[in-house]
Each structure stands twice: as C-alpha cells, then as structure tokens.
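Turn these sequences into a full structure, and let the hints steer you where they fit.
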Amino acid sequence: MREMIKMILVLTILCTVSGGLLAYVKVGTKDRIDNQVLQLVKGPAIRSILAGASNDPVADRFTLPDGEQEIEFFVGKFDGQPKTVVFETFGKGYGGDVGLMVAVDVTQNQIYGVEVTTHSETAGLGARAKEDPAFAAQFKGQPLTKPIQVSGDGGSINALSGATITSRAVCDAASEASQIYDRLKPQIEDKLKSLP
Amino acid sequence: MAKSLAHEFFKGFWQEIPPFRLVLGICPMLGVTTKIQFGIGMGIATTFVLVCSNILISMLRNLIPSKVRIACFIIIVATFVTVVELMMQAFTYGLFKQLGVFIPLIVVNCIVLGRAEAFACKNSVIMSTADGLGIGLGYTLSLAAIGSVRELLGAGTLTVWGDPILNLSSIFPGFEPFVFTVQAPGAFMILGLMLCAMNMVGKK
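Those sequence lines, one after another, are chains A and B. The first sequence begins at 1 in the working numbering and counts up by one. The second sequence begins at 1 in the working numbering and counts up by one.
Just so you know, the hints here were simulated from the structure itself, not pulled from any lab data. Treat the hints with care, as some may be off.
Just the calculated beta-carbon pair ranges, DEER-fashion [what the hints assert, rightly or not]: (1) B:E176 <-> A:E68: 52 to 58 Å; (2) A:C15 <-> B:Q183: 37 to 43 Å; (3) B:C196 <-> A:N55: 56 to 62 Å; (4) A:S54 <-> B:M194: 51 to 57 Å; (5) B:V23 <-> A:N55: 54 to 60 Å; (6) B:N167 <-> A:R32: 53 to 59 Å; (7) B:I165 <-> A:T16: 43 to 49 Å.
Glycine is no exception: its CB is placed at the ideal position from the N, C-alpha and C atoms.
Structural data, given as structure tokens:
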C-alpha cells in the first residue's frame, strides 16, 4: 500500500513540475518564436506577394480582434497609397492545416495575390500548392463577393492534379479570408486611414 | 566498480561510441545526416537532453520507485526534449525546420533512455554528468562524421552554417556527386562501411 502511494505521489509530482516548467519555457520563448516565424516564414511570403510595394509590409502591421481571435494585418502600400492588406488564414488539407497568406486589394475588393506558408502536404502532390506559382496565380483578381472554389465544385480555380484535397484547402482558406475581410472591412479601412 | 571520472567521460568517444559500438540511435543517424550541419545540430540537441536527463534521474534515483521508473524517465526526457524543441524554434528556426520530426523523436531515442536505465539510475550525479556528456559528444561526432561523408560524396561540398568550407569540384574538376549517398539506401551503405572500418581498426 505504501509503495502504491509512493508511486502515485512521485509520478504526480514529476508531471506537475514538468508541466510547470514547460509552461514557463513556452511563455518565455513565445515572442521570439513568433518573431522568427514572422521573419522566416510569413515575411518572405508577404514580400513575394507584394513585390513592388513602396513600404516594408512586415513593419507596417496592425491587429484587429475577430470574435475570440486576433488577426494580424500587414499593409502593402503602392506609390504611397495603402492599397492592400495581407493576412493569414487556414484550410484543412490532407496532412493538416494549410496556411495561406492572402493579399486583398482594398480599392477593388478582390484578391491581389496568395501564397501558401505552412503545410504538411505530400511532397510532389499537395506540396505543389506552395511550389507551383501557376496555381497561386489563379487566385489573383478573384472577386471577394462569392466563395472561391475549384472548378469541380463550380468555381473557377483549376485544382492541382492528384491534390484535390489540398486545392480545396487553399480555396477554403481564401474563402475564409474573404469572409473575414467582409466582417472587418470598416475597421480595416479606419486603420488604413490612420496610418502615417 | 568504482571507475574513474575520465573513464566514464571518454568511453563515449571510442569504447561505447553510440552508433558504431552500441548501434543505438540509428534512426536520426540515417534520417538527418544528409549534411554535416544537420548532424552536428541533432547531436548537440541530443547531448543537451542526455546530460540534463542523466543529472536529474541520477539526483532522483533513490526517490523513483523501481516499478514506475520507465514512466518517470519518459516524463523527464520528454520535458527536456520539449524544452529543446522550443529553444530551437526560438533561436535556430532554420535548423529546427530542417530537423523537423527528429527533434521530438529524441524522446524515444534508445541512447537517452538506455543511459538513464543502464547508468544514471545507478550512479552518482557527477559520474552521470560525465557519462551523458561523453556519450552525447561521441554521438555528435558520429553524426558529424557520417554527415560529412554523405555530404562530401553526395553534394561535393561541406557546408557549415551556410559557409562552404570545402568544395570537391574545385579540387577535382569534373567531379560528379554520388547522389545515391544522400538518399536513404545510401545512408545504410555508408553506416555499414563505417561500422566495418571501425571494427577493423578496433579489432584486437
């Protein structure tokens, strides 16, 4: 009996201490990790969509609350005018969430460009969503008034062959972006006006 | 029984060098060593986990009930692995991306659990530190060795932190890389050949 209590006690204490330590390290490294992801994953994607922008989109950013979550918006200025906002959305892919950076042209209410950021799709099939620029290029100019879908589902995006689920995930993420944009449009415009 | 501190430290470099003599820790050895720097990064991460878990397990060796010792070891090892994972994400994000799933897999690395079971839970803290450090550095050296052979033959270069330190095609013009060696079957071949060489040298 004594041994049993000791076993339970030791395991409980170990787990508690371990949990506490991990929470501490997680909180301590959170800012640095966010910063690294911003610099090494999101940053290059944003800059590649907004090639030719007259500002640094990663530096000009703001956050807005959407329901319970906070969304980070990156502003792309062209000829000094804040013409586009970029933000990240997610779609359910074949191997997990597919992250998509969506740039919205706020003057014309259409998509300016997209780029896949993080994914765990199959190499050579789904992974082409990130590697094949022709696939992402189809999203350019898509209007935000209707859901974005692959051609098989009634939309106008040609799916990657052998990667229908991934293609749908990217479309879902883009549609999600248009819904978020719809919901937050007034706030986004306010923020853009107040930019220096 | 009482062996010297130096013995416990240096045995990891030759007598009990993990992948070659004990043939443990082969999974990351084959998986990540396509470049020398991945080998070194993986080795350092494993060494950190090994030393920390050895110290803690040896400190707690009289408190841990023997019936649940494996569970306790796993908790301790998994905690340190997660710490390493977060640290690598925060400071060496590129390397973290490259090593990918092999970092969390240190939890089930036979070397770490093997040292805990075979050494740390029976020896003093200082001895266990020396043991963990020696085995860990031995492992790092092995990964670096196999990584350098594979990178040199497979890509014709040796790159450490983005700086090419050696380029075969500039020494031997017309050098064609053996791409085979950076693929999975090549890893087995190189490991086998290195084991073979080690055994020939070490044969009494």
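To see whether the hints hold, each was checked on the structure:
Remark: the range hint 52 to 58 Å for E176 (chain B) to E68 (chain A) is upheld by a beta-carbon distance near 57 Å. Distance hint check: the CB atoms of C15 (chain A) and Q183 (chain B) are about 41 Å apart, consistent with the given range 37 to 43 Å. For C196 (chain B) and N55 (chain A), the Cβ-Cβ distance of about 60 Å falls inside the hinted range of 56 to 62 Å, so the restraint holds. Distance hint check: the CB atoms of S54 (chain A) and M194 (chain B) are about 55 Å apart, consistent with the given range 51 to 57 Å.
At roughly 56 Å, the beta-carbon separation of V23 (chain B) and N55 (chain A) lies within the given 54 to 60 Å, and the hint holds. For the pair N167 (chain B) and R32 (chain A), the supplied restraint of 53 to 59 Å is violated, since their beta-carbon distance comes to about 34 Å. The hint said 43 to 49 Å for the Cβ distance between I165 (chain B) and T16 (chain A), and at roughly 47 Å that hint holds.
This entry does not satisfy hint 6, going by the numbered hints stated previously; all others are met.
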